[in-house]
Amino acid sequence: MKVLNSIWFTSLFMAMVSVGILLLLVFLRLFSTFIVRRRARRRKDVVRLFLGDEPSASAGQARYSKDLITAVSMEMIQMVRGEEKERFVNRARLLGVDKHLRGRLRLGGPRARLESAEALGAFHDETTFERLRVALDDSSPDVRLAAALSLAAAHQAPDVAHVVERLRLGTEEDSLLVVSLFRSIAEDRPEQIRNLIEDPAVEPLVKAAAVEALAGTGDYTLVPSISALAVAADSNDPTLPRYLRALAALGHPAAAEAVVDGLQRDNVNVLIAAARTAGTIGLTDCAPRLAELLEHENWWLRFRAGEALLRLGPVARETLMQKAVDGSPRAQEAALAILAEQGGPR
Amino acid sequence: MSQWIPMLTHVVEAISIIAIVSMLVQSLIYTVQLLFAGLALKNRPPTTRVAQLWQRYVDVAPPISIIAPAYNEEATIVESVNALLALHYPEYEVLVVNDGSRDRTLEVLQQAFEVVPVERYHDLPVEHAPIRGLYASPKFPRLLVIDKENGGGKADAMNAGISLTRSPLFCVIDADTLLEPDALIRVVRPFIEEPQETVGVGGTIRIANGCTVDHGRIVDVRLPRNFLALVQIVEYLRAFLMGRLGLSQMGCVLIVSGAFGLFKRTTAVEVGGFSHNTVGEDMEMVVKMHRLMRDRGQPYRITYIAEPVSWTEAPENLRDLGNQRARWQRGTLEVFFKHKDMLLNPKYGRIGMYAMTTVFIVDVVGPLFETLGLIIIPLFWALGMLSAPYLLALTAVAFIFGVFLSTATLILEEIELRRFPKARHLAIIAFVAVLENFGYRQLCSFWRLRGWWEFLRKKKSWGAMSRKGFQSS
Numbered sequence: 001m002k003v004l005n006s007i008w009f010t011s012l013f014m015a016m017v018s019v020g021i022l023l024l025l026v027f028l029r030l031f032s033t034f035i036v037r038r039r040a041r042r043r044k045d046v047v048r049l050f051l052g053d054e055p056s057a058s059a060g061q062a063r064y065s066k067d068l069i070t071a072v073s074m075e076m077i078q079m080v081r082g083e084e085k086e087r088f089v090n091r092a093r094l095l096g097v098d099k100h101l102r103g104r105l106r107l108g109g110p111r112a113r114l115e116s117a118e119a120l121g122a123f124h125d126e127t128t129f130e131r132l133r134v135a136l137d138d139s140s141p142d143v144r145l146a147a148a149l150s151l152a153a154a155h156q157a158p159d160v161a162h163v164v165e166r167l168r169l170g171t172e173e174d175s176l177l178v179v180s181l182f183r184s185i186a187e188d189r190p191e192q193i194r195n196l197i198e199d200p201a202v203e204p205l206v207k208a209a210a211v212e213a214l215a216g217t218g219d220y221t222l223v224p225s226i227s228a229l230a231v232a233a234d235s236n237d238p239t240l241p242r243y244l245r246a247l248a249a250l251g252h253p254a255a256a257e258a259v260v261d262g263l264q265r266d267n268v269n270v271l272i273a274a275a276r277t278a279g280t281i282g283l284t285d286c287a288p289r290l291a292e293l294l295e296h297e298n299w300w301l302r303f304r305a306g307e308a309l310l311r312l313g314p315v316a317r318e319t320l321m322q323k324a325v326d327g328s329p330r331a332q333e334a335a336l337a338i339l340a341e342q343g344g345p346r
Numbered sequence: 001m002s003q004w005i006p007m008l009t010h011v012v013e014a015i016s017i018i019a020i021v022s023m024l025v026q027s028l029i030y031t032v033q034l035l036f037a038g039l040a041l042k043n044r045p046p047t048t049r050v051a052q053l054w055q056r057y058v059d060v061a062p063p064i065s066i067i068a069p070a071y072n073e074e075a076t077i078v079e080s081v082n083a084l085l086a087l088h089y090p091e092y093e094v095l096v097v098n099d100g101s102r103d104r105t106l107e108v109l110q111q112a113f114e115v116v117p118v119e120r121y122h123d124l125p126v127e128h129a130p131i132r133g134l135y136a137s138p139k140f141p142r143l144l145v146i147d148k149e150n151g152g153g154k155a156d157a158m159n160a161g162i163s164l165t166r167s168p169l170f171c172v173i174d175a176d177t178l179l180e181p182d183a184l185i186r187v188v189r190p191f192i193e194e195p196q197e198t199v200g201v202g203g204t205i206r207i208a209n210g211c212t213v214d215h216g217r218i219v220d221v222r223l224p225r226n227f228l229a230l231v232q233i234v235e236y237l238r239a240f241l242m243g244r245l246g247l248s249q250m251g252c253v254l255i256v257s258g259a260f261g262l263f264k265r266t267t268a269v270e271v272g273g274f275s276h277n278t279v280g281e282d283m284e285m286v287v288k289m290h291r292l293m294r295d296r297g298q299p300y301r302i303t304y305i306a307e308p309v310s311w312t313e314a315p316e317n318l319r320d321l322g323n324q325r326a327r328w329q330r331g332t333l334e335v336f337f338k339h340k341d342m343l344l345n346p347k348y349g350r351i352g353m354y355a356m357t358t359v360f361i362v363d364v365v366g367p368l369f370e371t372l373g374l375i376i377i378p379l380f381w382a383l384g385m386l387s388a389p390y391l392l393a394l395t396a397v398a399f400i401f402g403v404f405l406s407t408a409t410l411i412l413e414e415i416e417l418r419r420f421p422k423a424r425h426l427a428i429i430a431f432v433a434v435l436e437n438f439g440y441r442q443l444c445s446f447w448r449l450r451g452w453w454e455f456l457r458k459k460k461s462w463g464a465m466s467r468k469g470f471q472s473s
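Residue numbers (my numbering), protein chains in the order written: chain F, 1 to 346; chain Z, 1 to 473.
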């Protein structure tokens, strides 16, 4: 009977807890609706304070919560650019936003730290930079990356080798945002990113991110280095197609050796990237090989080869049209469809 | 005769105990998921504003193709496509697959978007019915209409979309799915943060019945007046905010809904695209991906994130809802039995040891025992053949636990999404969460049993659902 009572008691307890939770949720929602309305009213006041003549920390903090002032300030800052942004950042400083964010980055939970690390990217002063540098050792990889991005956006990123080590890039962190990070750093110190490419000890994924970042800068002097990396890479190295795509982005004919080499590899992903690069750079010498690749069993390769031939000018286009007539059925289909897609004769 | 009665009573008691134990084990499974969902919530990244996300991702976000299958959608297709063309994402295209519609879906698209026949060299890496033509317009460069013969199901239409896509990622949706404008830029996060490993991501699906829709956007969130739609809101909250969030935290996501899911194209092609021989093609795609990656020993990630939200229309009558639930049950059984070798197979890690076991307990044997218990216990108790206070007490535990789970899910909703604008909405949902245990849950068990029966009869059709359409502003 004791057991039976316990079972009924358990049911009763769960029922009471459930009802309690439901009532609490509704009550909290009612309360939060009130808070939200009040917050909306206060938000308007804070916006006025922010946009007013001379906002000051004492005036703001006396009446409004730091979190609200910070949230409103950051929203305003994110809405504008240039001189207006600088003006807004200075206003936020007057309201003590940067100090509040630095405090949250030091003592907040992971979510608060991440938000703060991102927001502090707008404040360019030594105290903030110092705080962000400390955050490069944060326990959360997201916070570390956000801090690095903020520092880089402010042209204050530490030495790249140091960033790679502290963010554990290539080993624990392989976010695509690393490319953005390197791109920002490359604006000031392209040689450091370049060193990553040339340093044999650097992880391939980091190298590939560095190559992609630099490709966007249009620095042609990098072509020989990236070409050398591409030629030296193993056919099955997943970074090789990324090197070839970076060469395409740079679009310099000095990449010919790497592209020609890529077009002879036996890995289909490498062939696809090489075919695309050949077309982008305009390497007409590659046309015969591209025509051969139209026969390949891989659809993507046929597509990229055909697309490249179209880009290589009248002679290559002629080759493509010829393939449409006397190629294998597979090549004919590819050539015809690609010509038709690009508006050419069928 | 009289000597049979004690024996029969024992048999009935045994069946009842099995049924109740099954319910309690299911409750335990849900508790584990709830705990993990809570953990996921604690570890979730901050909800970033779209402008900031855009700034952060604009240079690195991979291109996405949205595959929108359409079968007899002439009434809503223009609004749906307009909404898709207005999403906030740096680089995407919309592939509308007209799956051999018998109505004027294609003509309506041609008129509205001035699409004309075009050529597009495409692959045929996955199986689907022949494509009759492709249509595009320079006025809407993001749009491509694929007109194909009807392939007998959504899987076929989605496969045609996969064949035509040239993006590394594709997003599948239903014809009646309304994506929130920022859904793509939010759902792509795992593909940016872990580009090497991520192969599939699912987002939240919510019920749009009762909400006001303007140009394919939810502009006013309200609750439906229809009880069935209301109760489905509770169910969806439980399925997504507790079930999938918890399973995602455990690394055990087995379903990325076909109504809103993002996949890596190469992996989807490697597993043969969506399967034709099941109505659970979305679940099977995910199971096949797990199998492939684990067979190869390759690190991978299939995940669910709560913030990207899409809205769908729920059935509002018993016939449609019953058909839908029976079909879901049938789909789950088809996938389970097709991949039964993964069950408790250490080679498949937590997928084999936990996720498949959960499917076995909750979806395979669960409905059988539940329905059996629901019929036998009251019947024999009424006949006086069952004097079992313990059974009643345990049944009460199982029922009340259902209420408890629903309320716990509402906590997650309040913390994570908060899409209901008013406290009154929350109160109604809370009330429905209690009410669903008296009648609706039992009805669901019956529908699931019907799904079992259809599975045994090897039924393959989807069944039609009458749609009321969204409420326009």
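For the record, the hints were derived by calculation from the structure and aren't laboratory data.
Don't take every hint at face value.
[To be verified] Stretches of chain Z that chain F covers, calculated by requiring three or more beta carbons in the stretch to come under 8 Å of a beta carbon on chain F:
1. 41–55
2. 75–84
3. 109–122
4. 426–434
[Unchecked claim] Pair ranges (Cβ atoms, derived):
5. Z/I415 <-> F/H162: 55 to 61 Å
6. F/E318 <-> Z/R419: 23 to 29 Å
7. F/V268 <-> Z/K338: 25 to 31 Å
8. Z/I361 <-> F/R37: 56 to 62 Å
9. Z/L124 <-> F/E172: 36 to 42 Å
10. F/R41 <-> Z/K422: 14 to 20 Å
11. Z/Q298 <-> F/M321: 50 to 56 Å
12. Z/R419 <-> F/L23: 48 to 54 Å
Here a beta-carbon is modelled for each residue, glycine too, at the ideal position from N, C-alpha and C.
Here is what the structure says about each hint:
Interface restraint, the region 41–55 of chain Z with chain F: holds (9 residues with C-beta to C-beta distance below 8 Å; minimum three). Beta-carbon proximity to chain F at under 8 Å applies to 0 residues in the region 75–84 of chain Z; the threshold of 3 is not reached and the given coverage is violated. Against chain F, the region 109–122 of chain Z contributes 5 residues with a C-beta closer than 8 Å to a partner C-beta. That satisfies the three-residue criterion, and the hint holds. Counting residues of the region 426–434 of chain Z whose CB lies closer than 8 Å to any CB of chain F gives 5, which reaches the minimum of 3, so the coverage claim holds.
Our hint of 55 to 61 Å for Z/I415 and F/H162 is violated, since their Cβ atoms are close to 38 Å apart. Roughly 59 Å separates the CB atoms of F/E318 and Z/R419, a value that falls outside the hinted 23 to 29 Å. Under the hint 25 to 31 Å, the C-beta atoms of F/V268 and Z/K338, about 30 Å apart, fit the expected range. The given range of 56 to 62 Å is broken by Z/I361 and F/R37, whose C-beta atoms sit roughly 46 Å from each other.
A hinted range of 36 to 42 Å holds for the C-beta pair Z/L124 and F/E172, which are about 40 Å apart. For F/R41 and Z/K422, the Cβ-Cβ distance of about 19 Å falls inside the hinted range of 14 to 20 Å, so the restraint holds. The hinted window of 50 to 56 Å between Z/Q298 and F/M321 is violated, with their beta carbons roughly 42 Å apart. Range check, Z/R419 to F/L23: about 21 Å between beta-carbon atoms, so the 48 to 54 Å window is missed.
Checked against the numbered hints above, the structure breaks hints 2, 5, 6, 8, 11, 12 and satisfies the rest.
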